[in-house]
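Participant: Assemble the complex: chain A is given as a structure, and chains B and C must be docked to it using the hints.
Residue numbers (my numbering), protein chains in the order written: chain A, 1 to 388; chain B, 1 to 331; chain C, 1 to 287.
FYI, nobody ran anything at the bench for these hints, they're computed from the structure.
Be a bit skeptical, because a hint or two may be false.
Result set (DMTMM-like, lysine to aspartate or glutamate): computed pairs, CA atoms no more than 20 Å apart in a straight line [said to hold, decoys possible]:
id, chain 1, residue 1, chain 2, residue 2
1, A, K208, C, D132
2, B, K314, B, E259
3, A, K238, C, D132
4, B, K314, C, E92
5, A, K314, A, D21
6, B, K142, C, E261
7, B, K142, A, E189
8, A, K24, A, D60
9, B, K224, B, D207
10, C, K185, C, E161
11, A, K208, C, E261
12, B, K205, C, E92
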Amino acid sequence: MKKLVLASLLLALSSSVTFADTIKVGVVGPFSGPAALQGKNFQAGINAWLAVNGNTIGDDTIEIVYRDLPAPDPAQSAALTQELIVSEGVQYLAGYYYTPDAMAAAPILEEGNVPMVVFNAATSAIVNASPYVVRTSFTTWQTSTPMAAVARQRGIDKVITVVSDYGPGVDSEAAFVAGFTGAGGEIVESVRMPMNTNDFSPMMQRIKDSGAEAVFAFLPAGPATLGFVQAYVENGLKDAGVTLLAPGDLTQEPDLAALGDNALGLLTTFHYAVSHDSPENSAFVEAASKAIGSASELSFPAVGAYDGMYVISKMIEATGGNQDAAAAVEAVKGLSWVSPRGPVSINPENRHLTQNIYLREVALEDGQYINKEIQTFENQGDPGWKAP
Amino acid sequence: MSDISLTSTKPVWQRTAMRDLIAVLILAAVAALGYLLFPSNLALLTRIIAVMLLVLSLDLVTGYSGVATLGHATVFGAGAYAAGIFAAKFGVTDPLLMLAIGALAGAIAGALSSLIILRGHGLSQLVLSIAVVSLAHEAANKLSAWTGGSDGLSGIAPAPLLGLFRFDLFGRTAFIMAVVLLIAVFVVLRIIVRSPFGMLCRGIKQDPIRVRAMGAPVYFTLVKMYAIAGAVAGLGGALSAIATKVVGLDSLSFTMSAEALVMLVLGGTGKLYGAMIGTLVFVWFEDRVSAINPFHWLTIVGVLLVIVVLFAPKGLTGAAETLWTRLRRQS
Amino acid sequence: MQTILSIAADALAYGMVLFIISIGLSVTMGLMKVVNLAHGAFAMIGGYIASYATQQMGLPFGVAILAAVLGTMLIAVPLERFLYRRIYGAPELTQVLMTIGITFAIIGIANFVMGPTLKTIALPAQLQGPVDLGFRTIAAHKLFAVAVGIIVAGALWFIIERTPFGVRLRASVDDAAMAGALGVKTKIVYAVSFALAVGLAALGGVVGAQLLPIEPYYALHYMVTFLVVVSVGGAGSIAGALVAALLLGAVQTTGRYLMPEYGEFFFYLAVIAIVCVFPNGLMGRSK
Numbered sequence: 001m002k003k004l005v006l007a008s009l010l011l012a013l014s015s016s017v018t019f020a021d022t023i024k025v026g027v028v029g030p031f032s033g034p035a036a037l038q039g040k041n042f043q044a045g046i047n048a049w050l051a052v053n054g055n056t057i058g059d060d061t062i063e064i065v066y067r068d069l070p071a072p073d074p075a076q077s078a079a080l081t082q083e084l085i086v087s088e089g090v091q092y093l094a095g096y097y098y099t100p101d102a103m104a105a106a107p108i109l110e111e112g113n114v115p116m117v118v119f120n121a122a123t124s125a126i127v128n129a130s131p132y133v134v135r136t137s138f139t140t141w142q143t144s145t146p147m148a149a150v151a152r153q154r155g156i157d158k159v160i161t162v163v164s165d166y167g168p169g170v171d172s173e174a175a176f177v178a179g180f181t182g183a184g185g186e187i188v189e190s191v192r193m194p195m196n197t198n199d200f201s202p203m204m205q206r207i208k209d210s211g212a213e214a215v216f217a218f219l220p221a222g223p224a225t226l227g228f229v230q231a232y233v234e235n236g237l238k239d240a241g242v243t244l245l246a247p248g249d250l251t252q253e254p255d256l257a258a259l260g261d262n263a264l265g266l267l268t269t270f271h272y273a274v275s276h277d278s279p280e281n282s283a284f285v286e287a288a289s290k291a292i293g294s295a296s297e298l299s300f301p302a303v304g305a306y307d308g309m310y311v312i313s314k315m316i317e318a319t320g321g322n323q324d325a326a327a328a329v330e331a332v333k334g335l336s337w338v339s340p341r342g343p344v345s346i347n348p349e350n351r352h353l354t355q356n357i358y359l360r361e362v363a364l365e366d367g368q369y370i371n372k373e374i375q376t377f378e379n380q381g382d383p384g385w386k387a388p
Numbered sequence: 001m002s003d004i005s006l007t008s009t010k011p012v013w014q015r016t017a018m019r020d021l022i023a024v025l026i027l028a029a030v031a032a033l034g035y036l037l038f039p040s041n042l043a044l045l046t047r048i049i050a051v052m053l054l055v056l057s058l059d060l061v062t063g064y065s066g067v068a069t070l071g072h073a074t075v076f077g078a079g080a081y082a083a084g085i086f087a088a089k090f091g092v093t094d095p096l097l098m099l100a101i102g103a104l105a106g107a108i109a110g111a112l113s114s115l116i117i118l119r120g121h122g123l124s125q126l127v128l129s130i131a132v133v134s135l136a137h138e139a140a141n142k143l144s145a146w147t148g149g150s151d152g153l154s155g156i157a158p159a160p161l162l163g164l165f166r167f168d169l170f171g172r173t174a175f176i177m178a179v180v181l182l183i184a185v186f187v188v189l190r191i192i193v194r195s196p197f198g199m200l201c202r203g204i205k206q207d208p209i210r211v212r213a214m215g216a217p218v219y220f221t222l223v224k225m226y227a228i229a230g231a232v233a234g235l236g237g238a239l240s241a242i243a244t245k246v247v248g249l250d251s252l253s254f255t256m257s258a259e260a261l262v263m264l265v266l267g268g269t270g271k272l273y274g275a276m277i278g279t280l281v282f283v284w285f286e287d288r289v290s291a292i293n294p295f296h297w298l299t300i301v302g303v304l305l306v307i308v309v310l311f312a313p314k315g316l317t318g319a320a321e322t323l324w325t326r327l328r329r330q331s
Numbered sequence: 001m002q003t004i005l006s007i008a009a010d011a012l013a014y015g016m017v018l019f020i021i022s023i024g025l026s027v028t029m030g031l032m033k034v035v036n037l038a039h040g041a042f043a044m045i046g047g048y049i050a051s052y053a054t055q056q057m058g059l060p061f062g063v064a065i066l067a068a069v070l071g072t073m074l075i076a077v078p079l080e081r082f083l084y085r086r087i088y089g090a091p092e093l094t095q096v097l098m099t100i101g102i103t104f105a106i107i108g109i110a111n112f113v114m115g116p117t118l119k120t121i122a123l124p125a126q127l128q129g130p131v132d133l134g135f136r137t138i139a140a141h142k143l144f145a146v147a148v149g150i151i152v153a154g155a156l157w158f159i160i161e162r163t164p165f166g167v168r169l170r171a172s173v174d175d176a177a178m179a180g181a182l183g184v185k186t187k188i189v190y191a192v193s194f195a196l197a198v199g200l201a202a203l204g205g206v207v208g209a210q211l212l213p214i215e216p217y218y219a220l221h222y223m224v225t226f227l228v229v230v231s232v233g234g235a236g237s238i239a240g241a242l243v244a245a246l247l248l249g250a251v252q253t254t255g256r257y258l259m260p261e262y263g264e265f266f267f268y269l270a271v272i273a274i275v276c277v278f279p280n281g282l283m284g285r286s287k
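Looking at chain A on its own, in the form it has when it is part of the complex (with noise of 0.2 Å):
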């Protein structure tokens, strides 16, 4: 008798697995430390895509398992993505905010036969450690590249360039420094700050002896936004007309509140602005408010982990549930869709985003700072990625 029972049930097991497969996602991100606005993005996204699209692709249901990394940490990154493919059995990663993070994960992803779409992390060189790393975010190059025709466009002829002394702010400054001298502008002076700058009216002062009609500056969105917005004010250089661009980093939905009328007209390039007119985005910004809670918080991660689970569903599409990471990887190239921030397609080259840039305003709209889009870049690749 017990013996029946028990084979009845490894038959309903086995039988429920047959019929219907689950098809497990991990996702690493920061969920907690001082990131974990930007992880509860990366849910925020991932749980909107679901809640419009459903968990089920065709026979098969998506299974999201987490896993947290608090700060760039190369080695805990290569252990949970190897934990995750190995013990979890997931068949597709994803997630990644920071660029060491993911450049740890993707050497283990051949031998796994696992797809890695990257969320976040933003230097151009990511996409050449594996053939399989598909990315949904945006490069530094690429949302810094327009302003220098900003700049021209106004007028300005001679700009600083102020930048947090890391990877992105180098590469940020590398951007603008190329796109306004080949413009015909010059840079008066390039300045890189220590990345625990708390203090930035010396920075402003230097700014303001520097002669420069404009200043570029790049730091990662976060705490540090609000001291330099607010030096920048107080130390008169908005008063005096020189004008802030920067990358979209600098104003960040989230932040806005507290940045308050000091950041009012700033200028940034970015490549999604939750405030972005279009049907897909009311879709994507309902649903996403809903699940992280409170649309203030909401920020650019959960658009790159709205598009990413949606190429994921095309890659279980298109290889029918079954694991083979190569085939996934083929089936995206060059897929194009429109998505909360406009149309959208996979470069097939370096399996990386062409997509609208868009020039947006800090302004007041009904009670609500948000960043206003007032020029549209279209179809913009990546200028800072060289092919290996």
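Facilitator: Only chains B and C this time, still in chain A's reference frame:
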């Protein structure tokens, strides 16, 4: 009491050799158990061993020699970056050679940084060590042409171990290499801490003035110990570089130094197995808790640390020893 | 000349903020011999309370400061009674472990209760906007920070040197057993000093929030900076902490202006140089 008088009839070296053998067997057994029970978490286990080497190294300077430091990641990072740079930029991809380079770089970094850190005592020593690790971190960030800066040093492709065993997805090769390395280091350290040199270090910890009065060179002895500790941590760094294939700035950070100190105090200072148990418990706990609830694990880890201080102020091994002696006295 | 004055003004303001937060730590470390790594966490709690009071409850700035200081003390009193009292006189490493644990827990709770985003404190109109100094303009809240710093230094000096409580405190520090024998209730003296230190941390958190913005990882980000100031100044010395804060503020500000690329190198090299020459801090007592 009775068994002590029994064993003490044997020569001292025999007794200690016997204990060493038992310790090595226990270590090997635990490693084998880890391999069998968690075959899919070998990367985590390898990482734990790399950190263990760092904490063992910290124990040498803090637990055995009384130097307070919150900057010990300096020597770990030196080993990791040296091994990584030689592999990525100069094509030195033999894993054993990379380990040797890491140990050498760690020893040099240890000796150099000790020249600064040993100038202070207590609080000022802590601050000097923080300054040293911060300088090293800044320097690695600045020299991004060599270190990859904040993007991390990638492109490390270790050759098969002994030309035979590839570093595979499951991390078996890396794990076995790590275990052998750990056991070898453990045996060597057991010998060192029992040697007259090791005893001298303990003496310095207890009373540096008296040791100086005896005519022993305090400063030079500590520099030497620092170099040995640096080599151990450097091995850990190189191991991490080989297993991960990427070296990040975190390996040279204040955070890593502080965590190492937390692990050491958690396990119990001044005992080699205390350092290893502290690391195992802390990293394992952190990994499990953050997997179960990635959103609130920091609070739980914090509360755990407070509980340890309140109820096991000598660390986990200290508490276990107290319990053990109490039980024995009762029986 | 104008540049030098300008740097000096920034350095003074920044140094004063460092001083206000660090002086509380100097009290706990110098007088009570506790390496309190959770000090920054108390400053952060003060900042959060002030932010909540001004933004959510619409209270005036002055009331918010008071609420922050008292509220943080209220939170700290049970911590002192049940946790810190257990580590007075314990080895430094044990203190480090305990206070790091407290810091982790406070960060986790802050993240949960207040959310991961930046919080700001609404300033009154008088403290917003620039003030003209003749050679340049400077933010009014920075001048406020300088004023608060001077008042704090003066008041502390008065309390410790001129009041009966100060006498008891100094006696307890010099020889707790002897002071106890002479009728000083050392436990109460310690509890009051701890509350005082925490209150100063909270005050610093609020006054310095414009430079060191309030977010959950505040407690870890600036821990090292505060520790460095106390150590360079000499634990337990008011004048030492003031000189150290101003000196390090000047080094950092000048470095940031002249060679921002190597700003941090200057800072830490200066720390190493000072500590090597004065192992007990600029004005610390030798042990």
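Participant: For each hint, tell me whether it holds in the structure or not.
Facilitator: Hints, one by one, checked against the model:
1. K208(A) with D132(C): Distance of about 16 Å is within 20 Å: holds.
2. K314(B) with E259(B): Roughly 17 Å between the alpha carbons, so the hint for K314(B) and E259(B) holds.
3. K238(A) with D132(C): 16 Å, holds
4. K314(B) with E92(C): 12 Å, holds
5. K314(A) with D21(A): With a Cα-Cα distance of about 16 Å, the restraint between K314(A) and D21(A) holds, given a limit of 20 Å.
6. K142(B) with E261(C): 9 Å, holds
7. K142(B) with E189(A): 19 Å, holds
8. K24(A) with D60(A): 10 Å, holds
9. K224(B) with D207(B): 18 Å, holds
10. K185(C) with E161(C): Given that 20 Å is the threshold and the Cα spacing comes to 19 Å, the pair holds.
11. K208(A) with E261(C): This hinted pair holds, its Cα atoms lying about 18 Å apart.
12. K205(B) with E92(C): Since the Cα atoms of K205(B) and E92(C) sit roughly 14 Å apart, the hinted pair holds (cutoff 20 Å).
Consistency with the previously given hints is maintained throughout, with no hint failing.
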